[in-house]
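Chains as they are written, first to last, in the numbering used here: chain A, 29 to 616; chain B, 9 to 616.
Hints listed in this document are in silico derivations from the structure and should not be mistaken for laboratory results.
Mixed in with the good hints there might be a few duds.
[Unchecked claim] Below, in silico cross-link-like pairs of lysine-lysine (PhoX-like), each with a Cα-Cα straight-line distance of 25 Å or less:
{"id": "1", "chain 1": "B", "residue 1": "Lys531", "chain 2": "B", "residue 2": "Lys545"}
{"id": "2", "chain 1": "A", "residue 1": "Lys108", "chain 2": "B", "residue 2": "Lys435"}
{"id": "3", "chain 1": "A", "residue 1": "Lys145", "chain 2": "A", "residue 2": "Lys114"}
{"id": "4", "chain 1": "B", "residue 1": "Lys589", "chain 2": "A", "residue 2": "Lys145"}
{"id": "5", "chain 1": "A", "residue 1": "Lys84", "chain 2": "B", "residue 2": "Lys435"}
{"id": "6", "chain 1": "A", "residue 1": "Lys171", "chain 2": "B", "residue 2": "Lys318"}
{"id": "7", "chain 1": "B", "residue 1": "Lys121", "chain 2": "B", "residue 2": "Lys531"}
{"id": "8", "chain 1": "B", "residue 1": "Lys544", "chain 2": "B", "residue 2": "Lys576"}
{"id": "9", "chain 1": "A", "residue 1": "Lys110", "chain 2": "A", "residue 2": "Lys171"}
{"id": "10", "chain 1": "B", "residue 1": "Lys588", "chain 2": "B", "residue 2": "Lys576"}
{"id": "11", "chain 1": "A", "residue 1": "Lys398", "chain 2": "A", "residue 2": "Lys379"}
{"id": "12", "chain 1": "B", "residue 1": "Lys600", "chain 2": "A", "residue 2": "Lys108"}
{"id": "13", "chain 1": "B", "residue 1": "Lys277", "chain 2": "B", "residue 2": "Lys152"}
{"id": "14", "chain 1": "A", "residue 1": "Lys110", "chain 2": "B", "residue 2": "Lys576"}
{"id": "15", "chain 1": "B", "residue 1": "Lys195", "chain 2": "B", "residue 2": "Lys78"}
{"id": "16", "chain 1": "B", "residue 1": "Lys120", "chain 2": "A", "residue 2": "Lys108"}
{"id": "17", "chain 1": "A", "residue 1": "Lys405", "chain 2": "A", "residue 2": "Lys511"}
{"id": "18", "chain 1": "B", "residue 1": "Lys137", "chain 2": "B", "residue 2": "Lys277"}
{"id": "19", "chain 1": "B", "residue 1": "Lys404", "chain 2": "A", "residue 2": "Lys145"}
{"id": "20", "chain 1": "B", "residue 1": "Lys614", "chain 2": "B", "residue 2": "Lys404"}
{"id": "21", "chain 1": "A", "residue 1": "Lys542", "chain 2": "A", "residue 2": "Lys599"}
{"id": "22", "chain 1": "B", "residue 1": "Lys121", "chain 2": "B", "residue 2": "Lys152"}
{"id": "23", "chain 1": "B", "residue 1": "Lys120", "chain 2": "B", "residue 2": "Lys345"}
{"id": "24", "chain 1": "B", "residue 1": "Lys167", "chain 2": "B", "residue 2": "Lys390"}
{"id": "25", "chain 1": "A", "residue 1": "Lys84", "chain 2": "B", "residue 2": "Lys311"}
{"id": "26", "chain 1": "B", "residue 1": "Lys30", "chain 2": "B", "residue 2": "Lys318"}
{"id": "27", "chain 1": "B", "residue 1": "Lys589", "chain 2": "B", "residue 2": "Lys614"}
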Amino acid sequence: MVTVNIDGKNVEVLEETSILKAAESAGIWIPTLCYSELFEPYGVCRLCTVEVIRGKRSRLVTSCNYPVREGLTVLTNSDKVKWIRKLIMELTYSRWPNVPVVKDMAAALGVSEPRFKSLEQDLAPDACILCGNCVNICRDVVKASVLSFEGIGIGRKVVLPYNEQSETCIVCGACAQVCPTGHIKIKSLEKERGALQDWYLGPKTAINIPTLQAVPRVPIIDEKSCIKMQTGGCGVCSTYCEPEAINYEAKDEEIEIEVGQILITTGYQTIDLKQMSQYGYGRLDDVYSSLEFEHMLNSTGPTGGTILCKDGSEPRAVGIVHCIGSRDENFHKYCSRVCCMYALKFAHLVKDRTPAEVYQFYIDMRAFGKGYEEFYKRLLDEGVNMIRGKVAEISEGYLNNGDKPYLNIKCEDTLIGKFREIPVDMVILCPAIEPQFDASNIKKIFSISQSPDKFFLERHPKLDPVSTMTDGVFIAGCAQGPKDIPDSVAQASAAAARILSLISLGEVAVDPIKAEVMDEYCSGCRMCNSLCPYSAISFQEEKKISYINDMLCKGCGTCVSACPASAIIGKGFTDKQILAELEGILSV
Amino acid sequence: MAYRTYLMVCAGTGCVANQSMKIKEAFEKELEKRKLQNEVSVVTTGCNGFCGVGPIMVVQPDGIFYQLLKVSDIPLLVEEHLIKGRPVKKFMYIPGEKEPPIPKMRDIDFFKKQMLIALRNRGLIDPEKIEEYIARGGYSALAKALTEMTPDGVLDEIKKSGLRGRGGGGFPTGVKWETMRKVPGDKRYVICNADEGDPGAFMDRSIIESDPHAVIEGMLIGAYAMGSSDGYVYIRNEYPIALERLKKATGQAREFGLLGENIFGTDFKFDIKITRGAGAFVCGESTALMASIEGRPGEPRAKYIHTVEKGLYDSPTCLNNVETWANVPQIILKGAKWFTSIGTGDVTHDPWGGSKGTKVFSLTGKVVNTGLVEVPMGITLKEIIFDIGGGIKDGKRIKTVQTGGPSGGFIPESMLDLPVDYDELTKVGSMMGSGGMIVADEDNCVVDMAKYFLTFTQEESCGKCTPCREGTKRMLDILENITVGKGTEEDLELLEELSNMVVESSLCALGGSAPNPVLTSLKYFRDEYLVHVRDKKCPAHACRQLNVYTIEEEKCATVGHGCDMCKKSCPDYAIMGEPKKAHYIDQMKCHKCGACFDVCNFKAIKIE
């Protein structure tokens, strides 16, 4: 520890601490425009200049990178320091008069009107003030060294080498984060590099709270965009986290839990809209999927709930296209059930929040639920244009040269029997609901069945809609088939009730018809293990024979007939018993 | 093989540019023709310093000096001098009109007052032959240091000698070495800074071109004293001859076992890498230079932690200028006592107490003899300008001398008795710098000159810190305004304030010294500035935009008979008048290019 005297106050700090830090700890403000704790002080704005006195010598130094020494006397507010700061600020201010941080600093230092006019003046409010933060963080923290200075003297500027998109840039956005003026903007490369997230609509840091309503409300680290996990650099968040809660080593882990019953609610996914290139999703700006639009409508979403086109303007007309991939011979024949109603909700909200014209393109309106038809009627009264017919293509069109392009929806209006072309600014596609891509894996694990459309199959569509052919395994929600929220809740409640009823009984009644391995005959060939459709047979390593789990066996008899050693018998249905029964019948 | 005569043809950059290599070939051809090739040898030497009269040749052992040679002169010279033994007067140096030519080099004023330490081998040896350097006592200082002295002994000797950095700052070399020696660390570097960027200065180039081994030997001794085994020479790529000679010299030294392992049979090992600079002025600054060697952009950093503690690759690093290194072997060889006998002040107790030894200056501008001179410290500026430089050209009056390169200051005529000394020069607002010395006469305008120097430093600013990047540009804007008649008296105040701020708050020495020409000119020539801003006139007529060109009608009509030359030369068609009659200038159209003034043979055009 060394003691320094700053403006008459004695401050005790660690050796090698900068004067700026020492002053900060003593509550003394020193102005800076280029200082950041994230990397070594660059010392270029020179605003943090202070006067240091050692013995009889007094000199001006930059406090951000001048290490304290024992017995140092520092003046942060002497006349000389004030004069230097003011003059430097005048220079900076005359060059970038409209940049907020510069303006504020000028006001704080008492600079109102610079005495000279900069010939290189840049009036942009987001001009680059050459603080070097972006270059330094990229080199020292991210260790990617993507950004660099070009030119010397007054012509200095920050560039990407050769002004080309860099290959080494990992699009971490750190440079934009540390830029004090907002000069660096992150351009979404979604089109070139694929979506960062399924419904990515704006920049996010690698560590973030996914949504404001997230439960639990803690940040998560996105492994793919975290610099620490990608290059080993950075680690900035852990230096800031006081409770030291950040753990870069944490990995996904497998947990085994023993349970009696299982409810499968693996849900659904929406169809990949990019395969239907005629709708322009991913190719044309302002063509959104319904989930993305829902995200936009959300008051905690990227636009705060305002409906905006990508260029920031309000749409003049919005087209909502139903049945993308559902009720379609090429993709899914079934109806996704929920789209009609949420499309109507979208129409209502667009009408509510913007003056835009709304067009609905539908095949049939399916407003089947309680109060649904009334909502549909209300929307017709609100003036939503309903066009019955399938959309053929969405393309870009230009009304006048130089105007912003619009989206042209080509469709057939079956009610008037004509082809129509309707110009809109924004299109919302209602993608089909389809089973999760890995539904067949789930099916195999739980020995349940899938219907031809790959949704999980219930035991009986009318009499037993929540249980499966495997005892103790239940299904609910969109894993079973497309349904809306009320239906999902109802089905899930039913499944829960079924499960609870078994739990309250305390014991399970099982069918007595089972297969059984006769240990002395089993040769351990394990042929039956793979044949059992209910995965009821396992191999016992210590005895080197197969074993049938009574609770899982349904008594189907597959193993009985397949066993080459005839070591498996169906209880109550042994050959001897059947023959005896036959004899009994025939003897009459 | 011994020869009866040696023709020492200068092969410094200046003379080479004036075809000295062709002259050498012509000599060789002519000698062969006359069958003298076994009697007379032609040797290429390093720069003699008297570049204004190049190409130069000295005939040894007589020391006859020939200047301004042409290829066509060679047969005559061979015939007369080498065959008939009659030195040719018409190629000799003539000090002034009606004065007899001076045949011998040592009698010429330009050389007479010089004292050679760093340049002691110039013109005497072929710099590309290590044998010739050794023959002149080369590498014996290294032998002495390695075999008879301890590193501490070497350090002590350098410290006692009072040698100070010749690159500009004048930091005591011994103190620097001692600090470096005390810093722990296995890897330590010594660097030779040969990134000489001052316009018109070529001291370092000349030393490397004429005596590269002296620099290498100096570095070896320094490395031994500081316990380093790795050296770098950072040399600008614009010095092709120096670079070539340095490469050859290191190659030869390696061959002779003077670089590498087990030098002189001791455990000492050392080698030198040559790094080329890309021409940025700021890379002459030590930290920017090290950044450049490391492959990073050549930008300086704050030196609150010195480079001797944390320099190249964050290791202890000692950087010295070419001239400093070249002085080291002589100090070791002849002793600190001898060195301290030359120069000013007393350095026995305070290393900052005086300036010892010699300093090489590049004397340019309006003096009769321009070139490179090595003079003992303490010599007055007057002696350099009038005795060595031969006074001002065309008998004009001296106005000022600017020392220290583009960041140096102006010293007015009244202070010419100032001795050449680090501290004296700094006291008056200028500096020793790397040794530029530009003499200006009454035709030069100090505002214009200050603008010229500031234009250079402003363009060469790396742009890293605000005061230097923005401040120098704003200062230049103000100077520009003054020279075109848009300046005000308040501008002078602001200019002074800005200059002081840039000096005080810039990150490195480039910004810290860039305003020196402005500050000193404001200090000593404020009147001239005031004439510019008050009367909108330039007393020296150098700021053309302030000039008013008029034609003396009478003279034009009677003496020149309306020759029409001015009219033809005017790009603005601003000159009116019939041939054979008086002409006049339409001031509205005149753009003040001065073309008419230059072409008028009758001095009928006046500048006001």
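**OP:** Take a quick look at whether Lys614/B and Lys404/B sit within 25 Å of each other, Cα to Cα.
**Re:** Measuring from Cα to Cα gives roughly 19 Å; hence the hint holds.
Subject >> Satisfaction of hint between Lys78/B and Lys195/B, Cα-Cα up to 25 Å >> reply: violated, 52 Å
Subject >> Proposed proximity, Lys599/A with Lys542/A (alpha carbon, max 25 Å) >> reply: At roughly 5 Å apart (the allowed maximum being 25 Å), Lys599/A and Lys542/A satisfy the hint.
Original post:
Taken at face value, is the distance from the CA of Lys311/B to the CA of Lys84/A at most 25 Å?
Top reply: Within the cut-off at roughly 20 Å; holds.
Original post:
Taken at face value, is the distance from the CA of Lys318/B to the CA of Lys30/B at most 25 Å?
Top reply: violated, 48 Å
Original post:
Are Lys167/B and Lys390/B close enough, with their CA atoms no more than 25 Å apart?
Top reply: violated, 30 Å
**OP:** Assess, step by step, whether the Cα of Lys121/B is no farther than 25 Å from the Cα of Lys531/B, and give holds or violated.
**Re:** The given pair, whose Cα atoms are some 32 Å apart, is violated under the 25 Å limit.
**OP:** Please work out if Lys137/B and Lys277/B have their alpha carbons no farther apart than 25 Å.
**Re:** holds, 23 Å
Original post:
Do the alpha carbons of Lys405/A and Lys511/A lie within 25 Å of each other, as the hint requires?
Top reply: holds, 22 Å
Original post:
Between Lys600/B and Lys108/A, does the CA-CA distance stay at or below 25 Å?
Top reply: violated, 43 Å
Subject >> Restraint check for Lys110/A with Lys576/B, where alpha carbons must lie at most 25 Å apart >> reply: violated, 58 Å
Subject >> Satisfaction of hint between Lys114/A and Lys145/A, Cα-Cα up to 25 Å >> reply: holds, 16 Å
Hints 4, 7, 8, 9, 12, 14, 15, 16, 19, 22, 24 and 26 from the list above are not met by this structure, while the remaining hints are.
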